[in-house]
Every structure is written in C-alpha cells, then in structure tokens.
Amino acid sequence: HMLTKRIIPCLDVKEGRVVKGTQFLQLRDAGDPVECAKVYNAQGADELVFLDITASHEERKTMVDVVARTAESCFMPLTVGGGIRTVADMREMLLAGADKVGINTAAVKTPEVIDAAAEAFGCQCLVVAIDAKRNAHGSWTVYTHGGRNPTELDAVEWAAEVCRRGAGEILLTSMDSDGTKAGYDIALTRAVSEAVSIPVIASGGAGNLQHMADVLSDGKADAVLAASIFHFGEYTVGDVKRFLDQHQVPVRL
Amino acid sequence: MNLGVLDYGAGNLRSVLNAFTAIGREAKLVTKPAQFDDIDLLVFPGQGAFGDSIRILKETHLWDPLKAWLKAEKPYLGICLGYQLLFEDSEESPGVEGLAVAPGRVRKFDSAHGLKIPHMGWNKVTWAEDKPVWWKDLPDPSHLYFVHSYYPDVADPSLALCRTDYGVPFIAGIAKKNLMAVQFHPEKSQEIGLKLLKNSVDHLATTL
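Chains as they are written, first to last, in my numbering: chain A, 1 to 253; chain B, 1001 to 1208.
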C-alpha cells in the first residue's frame, strides 16, 4: 500500500500562548499558536497536535478559541490533548474545530470514557496518549499526570486494552527518551505497535533525522510526533520528509 | 448557487464550512426537510457508523428528502460516510439498506495482513483519465487524507473518479453528471483538497 508515514509537530499551549521556544524568524508573533500552525501548514506537516497545558477551566475557553481560529486557516487534521476528561470536554473541542482529541490520565482512571467517546464520536476521533517508562523487569510501566504518577499498568497490555475499547490511535511517549534527544525508544514503540491493530504515533527523544527514520522503520511507528526539533528551528518538516524519502520511508512530499 | 451542508447532529461540520469559506463559497446547514428547497447543492460530510447514521437521518426526517434529492439527480457532494451511504449496503451494518444510488457494497478492511485499521493518514490517489474536469490543476497522483475502516467495493468501475490502495485496491471516489463523492477528506487535505472542492462546486454550478 502507498499510505505515507505522518510527521506531526506538537505545540504546547498555555493561556493561549505557545510556551516552548518557536524560532520562526519570519513571524512577528511566534507565541501565537495560530501563526505557528500556519507555518507548519505551509511546511507540509501532515497533522498538528496542540497540547493544552492550561490549568483552569476559565483558561480552557481560550484554548477553544485557539482551536476555532486554527481550523479557519489550517486545513489539516488537528488534535487537541491535555486536561480532557469527559465526553463533554471532547465535544467542546471537536465542535470548536478539532478533528481528534487526546486523553491520557482520564483514560487510566476511567477506561469506560474510551468506550463512551468511541460510541459518541467514532473511534477515529480518539487518541489515547500513553506515557511509558522502562522498569526493572524489562517491560514498561504506564505513568499518569504528566509522568508524575506510576500505575500498575503494563504499557503494552494497556495499549491492547485501549485498542479493544475503541481508541482510534495511540500516542506513545517514552519517558526515558523524552527530552534526551538521543532517539526514540525503538523497543517500546515496536512492542506496542505489534500489539495493537490501530496506528501508533511515536513521541519522545527526537534529536536528529535518523532517529525519526529508525522509529518509523525499526520501531514500526505509523507517525512521529516532535516538538523541540521543529520549534528551535533545527529542521523544518520539509527537511524531515526529504531525509525520510531518501531513506526509503514513504512520506508525502 | 446556494450550498447546504447536511447536519443530522453527528460529527463536526465546522471544518467543512471553513473549507467552503476558504474557496469563496458560503454554505449553510441543512437541519430540516424544508431547507432542501433553499439550496442548489447538497454537501453530505458524514461521520459515524453506516446503520446509526441512517437511523438518525430517518428520525430527523432527512432521509426521504435526501433520497428524493438524489433521485432527482440534483447536485451532490459526498464525503466519507456521504460517499459510503450511496451504495447498496455495508458490512458495518448488515441488513440496513443504503441509498443505492451506485451499485456495490461497503466492505471492512482485512487486518489479517498486519494493516492498521482505521486506514488513517495521507494516501496516494490516481485520477481517472475520463473525468479531468473534476481534478484539473491537481497533481496525478495526489496525496489526500483518509480516515476510515470500511471502503466501498464499487460494482460499476465506469463511475470511478480516483483509485487508491490499502491492502486492497479500491475506488476512492466516484463522479457522474450531478454528483461527486469521495472517501477521503478534502476539507483536511490542505491545498489539494480545497482545490478539488472548488473544481467540484464550479463544475456542479454549470449543471444547474
């Protein structure tokens, strides 16, 4: 088949502003998520993820507005994650113009919300994010609350369960690799990808272009998510795609 | 030309309305049977399950006007479920009759080959040589954004507008005089998707 691997920039948004560095020299306001989204749209990003790290309900309204404004000018799939707990939260983001919503802690606490969301919106709308950390037994443990709280769950088993319950996709973050720029956790990604029938987005550890090629081929990921590698102007989405194309990874150029 | 987007209460229509705005066409929502009288082109961007959506369309009294619209060969643009419902039935909802505007049935992808389901992401489509009016100024092949677990097994290949392959080759869109319907999401397929919508609306306007 000719389905291409997806390259997905992720923007952390707080109180309506992008919080990690975005070195878009051509932009007058690199803190505006809508402006950043337009740049990634122009670079040929395959999808976009907004991670809402807003704390309060009041500030969440700001995020709804950001999503609505982005959807007016960026015609590509948009996922919103962060702080989404209920079907009502999901509906609010979807109606604003998000195509998918991501849930993490809420899915662990009340797995039934996965079934409910799949029933309400179709499984294609729901991305379950899994934060996983390698343990002493050679497997991976699921963490919640932004990586602060360990659970009893095995990451590969949990991935299989969310798939059974109706998740459309898994966003898999390796806590060991995240922020290291030393590469994605290939073993983790491959174990999860082989355990589920739905697509897996690999996240955490991208430091160079070879890392992305490795997790897409050896790690069997269907997509890669990256933040800092794009925001700090090291590479454009176009750079990534040209490299992958030269290394026999199918991409949309 | 007045564009109406069929709204039966499921799914997010914002992206579709935004896409029409971006190509310089304002579309309004069609939520009641009487509103079919106010429009020239019906857009059906459905999401959800085959059987459930038909049940809801019947409950909201939109099913009969939709059938009548297609029977009268009025201009129609179908996206995703708005494509699948044109066929006779679906493996997703056995025993439920579709609109049967086009021969064929909707089948489930086979995951036996290790393919991920849904078919999600950007796939390559090749365009039918005999229907250039719909895809003028678009690259051949074009990459378009798909997300679906079922695909129409089109029984009349002369309807094909474009083709793709996901484990199985399938017809990713059909077109005939008054109608274009596609499995992918043009409203999520950046410039190429918007261009396809623009071509289609412009062309359908000439048929009025």
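No lab work stands behind these hints, which were simulated from the structure alone. Note that the structure is a prediction, hence the values are computed from the model and not measured. Please note: incorrect hints may appear among the correct ones.
Ranges between beta-carbon positions, derived for each pair [as the list claims (entries may be wrong)]: (1) A:G138 <-> B:A1100: 31 to 41 Å; (2) A:L95 <-> B:A1100: 24 to 34 Å; (3) A:G138 <-> B:R1055: 20 to 30 Å; (4) A:T151 <-> B:K1176: 51 to 61 Å; (5) B:R1055 <-> A:R17: 25 to 35 Å; (6) A:L95 <-> B:V1096: 21 to 31 Å; (7) A:D176 <-> B:T1060: 25 to 35 Å.
To list a few chain A residues with every Cβ distance to chain B over 12 Å, as calculated [claimed, not checked]: (8) V19; (9) E72; (10) S73; (11) M175; (12) K181.
No farther apart than 35 Å at their CA atoms in a straight line, the calculated lysine-lysine pairs in the DSBU-like style are these [what the hints assert, rightly or not]: (13) B:K1108 <-> A:K220; (14) A:K61 <-> B:K1198; (15) B:K1067 <-> A:K38; (16) B:K1198 <-> B:K1108; (17) B:K1108 <-> A:K109; (18) B:K1067 <-> B:K1028; (19) A:K38 <-> B:K1028; (20) B:K1032 <-> B:K1195.
Yeah, the Cβ is synthetic: ideal placement off N, Cα and C, and Gly gets one too.
Here's how the hints hold up against the structure:
For the pair A:G138 and B:A1100, the supplied restraint of 31 to 41 Å is violated, since their beta-carbon distance comes to about 55 Å. Evaluation of the 24 to 34 Å hint for A:L95 and B:A1100 yields a pass: the beta carbon distance comes to about 32 Å. Distance hint for A:G138 and B:R1055: a CB-CB separation of about 49 Å, inconsistent with the stated range 20 to 30 Å. Separated by about 54 Å at the C-beta atoms, A:T151 and B:K1176 satisfy the suggested range of 51 to 61 Å.
The hinted window of 25 to 35 Å between B:R1055 and A:R17 is violated, with their beta carbons roughly 44 Å apart. For the pair A:L95 and B:V1096, the beta carbons lie near 27 Å from each other, so the given range of 21 to 31 Å is met. The hinted window of 25 to 35 Å between A:D176 and B:T1060 is violated, with their beta carbons roughly 51 Å apart. Listed as outside the interface, A:V19 is consistent with that label: its C-beta sits roughly 26 Å from the nearest C-beta of chain B, beyond the 12 Å cut-off.
The beta carbon of A:E72 sits about 5 Å from the closest Cβ of chain B, which is not more than 12 Å, so the claim that it is off the interface is violated. At roughly 8 Å from the closest C-beta of chain B, the C-beta of A:S73 falls inside 12 Å, breaking its exclusion from the interface. Once the 12 Å rule is applied to beta carbons, A:M175 is consistent with being away from chain B; the minimum gap is 24 Å. Non-interface call for A:K181 relative to chain B: holds, since the shortest CB-CB distance, roughly 26 Å, exceeds 12 Å.
Only pairs whose Cα atoms come within 35 Å are accepted, and B:K1108 paired with A:K220 is accepted, the gap being roughly 23 Å. Straight-line distance between C-alpha atoms of A:K61 and B:K1198 comes to about 33 Å, which keeps the hinted pair within the 35 Å bound. For the hint linking B:K1067 to A:K38, the alpha-carbon distance of about 40 Å lies beyond 35 Å, and the restraint is violated. Only pairs whose Cα atoms come within 35 Å are accepted, and B:K1198 paired with B:K1108 is accepted, the gap being roughly 31 Å.
Between B:K1108 and A:K109 the alpha-carbon distance is near 32 Å, which keeps this suggested pair within the 35 Å criterion. For the hint pairing B:K1067 with B:K1028, the CA-to-CA distance comes to about 20 Å; that is within 35 Å, so the pair holds. Of the supplied pair hints, the one linking A:K38 and B:K1028 holds, its CA atoms being roughly 26 Å apart against a limit of 35 Å. Taking the CA atoms of B:K1032 and B:K1195, the gap is near 29 Å; set against the 35 Å cutoff, the hint holds.
Hint check: violations occur at hints 1, 3, 5, 7, 9, 10 and 15; the rest are consistent with the structure.
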